[in-house]
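Visitor: These are the residues of each chain, in order.
2 protein chains.
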Amino acid sequence: MQNHKKFIDYVVALAEKNVKKGIGGPFAAAIVKNGRIISCGYNGVTSKNDPTLHAEIDAIRKAAKKLETFDLRGCVIYASCQPCPMCFSAVYWANIKKIYYAASKENAAEYGFRDEKIYKELKTKITSVKMINIKDKNYLNPFKVWNLKEDKIKY
Amino acid sequence: MQNHKKFIDYVVALAEKNVKKGIGGPFAAAIVKNGRIISCGYNGVTSKNDPTLHAEIDAIRKAAKKLETFDLRGCVIYASCQPCPMCFSAVYWANIKKIYYAASKENAAEYGFRDEKIYKELKTKITSVKMINIKDKNYLNPFKVWNLKEDKIKY
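These protein sequences, in sequence, are chains A and B. Just so we're aligned, residue 0 is where the first sequence starts under numbering that gives the first Met the number 0, counting upward by one. Just so we're aligned, residue 0 is where the second sequence starts under numbering that gives the first Met the number 0, counting upward by one.
You may find that some hints are simply not true.
Where chains are identical, the list cannot tell them apart; a pair therefore holds if satisfied intra-copy or between any two copies.
To be verified - Straight-line distance between alpha carbons at most 20 Å, and here's what the computed SDA-like set of lysine to any residue pairs gives:
#1 Lys61 with Asn94
#2 Lys61 with Asn48
#3 Lys96 with Arg35
#4 Lys61 with Ser46
#5 Lys148 with Ala107
#6 Lys96 with Leu66
#7 Lys96 with Lys119
#8 Lys129 with Glu115
Quick caveat, the hints were computed from the structure, so don't treat them as lab data.
Full structure from sequences and hints, please.
Guide: The following block contains the structure:
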């Protein structure tokens with residue numbers, strides 16, 4: 000638990016610095032493997048003009064680049080705040096199995112962030128983002144070609 | 000509907016090409032504003048060593064960069080396949096209100112992709128990714144500093 004506290008302290012301090020420096024929202028994260036920090040991530044949505052640049056996404060991208068793999072199995076992630084559904088799913092795709100976080104999505108909501116709202120919308124069929132299905136005659140072709148591809152790399 | 004079909008045809012063809020070229024999974028997307036394509040995105044998870052590099056994330060990042068804003072209000076997204084929860088949430092954060100898609104998450108599941116599984120996990124409290132809450136004494140500081148920051152840019 001001591002080690003977890005240390006990394007949580009660290010990312011919480013980074014998140015505070017991120018706001019003070021005007022880089023973006025109050026969020027930071029770190030990817031850790033075998034007790035060592037592989038990468039740190041910061042929210043840079045507004046300064047980098049990238050709505051996907053959340054701390055966890057940033058940390059995952061940097062760790063994957065550094066370790067030269069899209070598969071971060073064996074890594075864990077520390078986040079100053081509970082990941083939003085985008086970041087939770089990114090963790091999932093990266094094969095990271097444990098997320099340690101400090102503030103909750105309810106805390107984030109209190110300060111005006113929509114994380115909790117998206118979590119709620121993902122549990123219903125009625126969302127503020129409309130998903131409209133339009134099939135053309137070829138819509139399964141990409142998957143069929145994928146299926147036949149002998150040298151495909153699964154992820 | 001004719002226009003929607005045209006863009007769907009286009010991204011489905013891009014997704015097929017993406018597999019043939021060995022760039023990544025069978026997915027492509029395009030951001031459209033006022034009937035014009037702003038950006039195209041491709042799945043590049045395996046070739047770029049980036050587990051977050053899904054087609055929609057790629058398209059959103061490129062569009063935001065091109066339009067020099069993190070707010071893609073007024074844009075719509077066309078995707079060769081129903082976005083996974085990571086990409087759905089990215090669309091949400093980008094303030095895009097409509098997603099047109101061809102193949103479904105059930106189709107993706109049939110071909111070995113985990114999109115549907117993540118959707119299911121987000122509806123339960125028991126997930127294969129563990130979220131562990133560890134609070135230090137400063138855990139709300141980033142939000143408090145954010146709250147007090149007069150020149151903050153909300154997103």
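Visitor: Now look at each hint and say whether the structure bears it out.
Guide: Hints and how they fare:
Within a single copy, Lys61 and Asn94 get their C-alpha atoms as close as 15 Å, which meets the 20 Å cut-off; across copies the closest is 26 Å, which misses it. Proximity of Lys61 to Asn48 under the C-alpha cut-off of 20 Å is found in both arrangements, the shortest distances being 18 Å within a copy and 10 Å between copies. When the C-alpha separation of Lys96 and Arg35 is checked against a cutoff of 20 Å, the pair qualifies only within one copy, where the shortest distance is 16 Å, while the shortest distance between copies is 40 Å. Within a single copy, Lys61 and Ser46 get their C-alpha atoms as close as 18 Å, and across copies as close as 15 Å, so both meet the 20 Å cut-off.
For the identical chains of this complex, Lys148 and Ala107 are inter-copy neighbours only, at 16 Å across copies versus 44 Å inside a copy, given an alpha-carbon limit of 20 Å. Within a single copy, Lys96 and Leu66 get their C-alpha atoms as close as 17 Å, which meets the 20 Å cut-off; across copies the closest is 36 Å, which misses it. Proximity of Lys96 to Lys119 under the C-alpha cut-off of 20 Å is restricted to the inter-copy arrangement: shortest distance 17 Å between copies versus 22 Å within a copy. With identical chains, the CA atoms of Lys129 and Glu115 are at most 20 Å apart both within one copy (18 Å) and between copies (18 Å).
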